[in-house]
Amino acid sequence: SPFFRNLLTPMLSVAGFRVTALENAEQAMELKNRGEVFDAIISDIEMPGMNGFEFAEALQNDELWGETPIIALSSHTKDEDFERGRQVGFSDYVAKFDRDALVSTLIQTLSTI
1 SPFFRNLLTP
11 MLSVAGFRVT
21 ALENAEQAME
31 LKNRGEVFDA
41 IISDIEMPGM
51 NGFEFAEALQ
61 NDELWGETPI
71 IALSSHTKDE
81 DFERGRQVGF
91 SDYVAKFDRD
101 ALVSTLIQTL
111 STI
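Numbering follows the numbering used here, in which position 32 of the sequence shown is assigned residue number 32; successive positions increment by one, without gaps.
Some clues are possibly wrong.
Listed next, with one range per pair, are the computed distances between beta-carbon atoms [unchecked claim]:
id, residue 1, residue 2, range
1, Thr77, Arg34, 16 to 24 angstroms
2, Asp79, Arg34, 31 to 39 angstroms
3, Val19, Thr112, 30 to 38 angstroms
4, Ala101, Ser1, 14 to 22 angstroms
5, Leu22, Ala101, 19 to 27 angstroms
Calculated directly from the structure, the hints in this document are not laboratory data. Positions of the beta carbon are idealized from the N, C-alpha and C atoms, including for glycine.
From just these sequences and the hints, can you work out the full model?
So this is what it looks like as structure tokens:
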């Protein structure tokens, strides 16, 4: 959502991350098709058009982005949500309102690549 993009983009930038913020998965797929690469991807689960689960699943076997860690960002944080996220290819799953956990997860994820 625009609210969370406007909240998280400056927060992640201040934390030292270079951020590319997009409105939806289709825009991300356009970047992928142009050959853009990223160290990690953060995806909201609830997006217009292709949702985050569909987006992660589409990237699982992709030649360019298939190995890129994808972190889910969602207000749905039940165990079954986490499990579904892992099944479709998310490397981690963070509650949307937990900014500290997001930064911590990014640092941990990037330290392993």
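Hint by hint, here is what the structure shows:
no. : hint                                  : in the structure
1   : Thr77 with Arg34: 16 to 24 angstroms  : 33 angstroms, violated
2   : Asp79 with Arg34: 31 to 39 angstroms  : 37 angstroms, holds
3   : Val19 with Thr112: 30 to 38 angstroms : 20 angstroms, violated
4   : Ala101 with Ser1: 14 to 22 angstroms  : 18 angstroms, holds
5   : Leu22 with Ala101: 19 to 27 angstroms : 22 angstroms, holds
Taken one by one, the earlier hints fail for this structure at numbers 1 and 3, listed in ascending order.
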